[in-house]
Amino acid sequence: KQEVTQIPAALSVPEGENLVLNCSFTDSAIYNLQWFRQDPGKGLTSLLLIQSSQREQTSGRLNASLDKSSGRSTLYIAASQPGDSATYLCAARPNAGNNRKLIWGLGTSLAVNP
Amino acid sequence: GAGVSQSPSNKVTEKGKDVELRCDPISGHTALYWYRQSLGQGLEFLIYFQGNSAPDKSGLPSDRFSAERTGGSVSTLTIQRTQQEDSAVYLCASSLVGGETQYFGPGTRLTVL
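Read top to bottom, the protein sequences are chains A and B. Heads up: the first sequence begins at 294 in the numbering used here, then just goes up one per residue. Heads up: the second sequence begins at 23 in the numbering used here, then just goes up one per residue.
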């Protein structure tokens, strides 16, 4: 059974720091892995999606990596800003035919202090 | 363009009452998902609609939960005889057919007293 774990559960950093959020999964047979951002009262926003054949994806100051063999993904945020404060969730898609049953981590709550 | 909308944003009800939660997906999105997010737990898949196909109801936690999608657009999640453990944020998402990216609504926070 696939399980997704995110550490740390919470993180507080001063503005400008580079930081790494971690996501681990128990079953390496995933189709893809996605990172989402959740803001209070605004639902979830998809940030990056990494296919199983890819090693990383980049969007602006965000870079997500995937290492299937070790069951790990990281989300790197460069030059953090107060506007980055949110909860970051990762979700693994188990296989090609099961898009709807993403397996979710509990998230990392990030606070970037000005 | 408009994103996924959900109503109400907050719902407080008494144990034993029925509630209906509404989701308006993005126009043209044929796939619609319902999730539940309980305090301290990850998102839990509830049900999935894809076009005119039979919905995947495998995530519904009990027969008190049901959902409809009328005209391939708006969806309603109904919880009958609510229990305190039903208290959670209920999230709806939609995507293009075969699309990887799910677009989420702001959620409905349900509190059962």
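Keep in mind the hints are simulated off the structure, nothing from the lab. Hints should not be assumed to be uniformly reliable.
Computed from the model, here is a short list of chain A residues facing chain B with C-beta under 8 Å [what the hints assert, rightly or not]: (1) L312; (2) G334; (3) G336; (4) K361; (5) S363; (6) Y369; (7) G398; (8) L399.
Only part of the chain A face toward chain B is listed, based on derived beta-carbon distances under 8 Å [what the hints assert, rightly or not]: (9) K335; (10) L337; (11) S339; (12) L340; (13) S346; (14) K394; (15) W397.
Each residue gets a CB set at the ideal place from its N, CA and C atoms; glycine is no exception.
Going through the hints against the structure:
Checking A/L312 against chain B by beta carbon gives a least distance of about 22 Å; that is not within 8 Å, so the hint is violated. At about 6 Å, the closest approach between the beta carbon of A/G334 and any beta carbon in chain B falls short of 8 Å, and the interface hint on this residue holds. With 8 Å as the threshold, the beta carbon of A/G336 comes within range of chain B, its nearest partner Cβ sitting at about 4 Å, so the hint holds. With 8 Å as the threshold, the beta carbon of A/K361 stays out of range of chain B, its nearest partner Cβ sitting at about 17 Å, so the hint is violated.
Annotation: A/S363 was flagged as interfacial toward chain B, and the flag is violated, the nearest CB pair being 21 Å apart, outside 8 Å. The restraint placing A/Y369 at the interface with chain B is violated, with a minimum CB-CB distance near 21 Å, outside the 8 Å limit. Contact between A/G398 and chain B, as hinted, is supported at the beta carbon level, the nearest pair being about 6 Å apart and thus within 8 Å. With a least beta-carbon distance of about 5 Å to chain B, the hint placing A/L399 at the interface is held under the 8 Å criterion.
Nearest Cβ of chain B to the Cβ of A/K335: about 5 Å, under the 8 Å cut. The hint holds. Of the supplied interface hints, the one on A/L337 holds, with its beta-carbon coming within about 4 Å of a beta-carbon of chain B, less than 8 Å. This hint holds: A/S339 has a C-beta 5 Å from the nearest C-beta of chain B, less than the 8 Å allowed. A cut of 8 Å between beta carbons decides the hint on A/L340: the least distance to chain B is about 10 Å, and the hint is violated.
Nearest Cβ of chain B to the Cβ of A/S346: about 14 Å, over the 8 Å cut. The hint is violated. Interface restraint check for A/K394: the shortest CB-CB distance to chain B comes to about 5 Å, inside 8 Å, so the restraint holds. Hint on A/W397 holds. Least Cβ distance to chain B is approximately 4 Å, under the 8 Å limit.
Comparing the model with each earlier hint shows violations of hints 1, 4, 5, 6, 12, 13; every other hint is respected.
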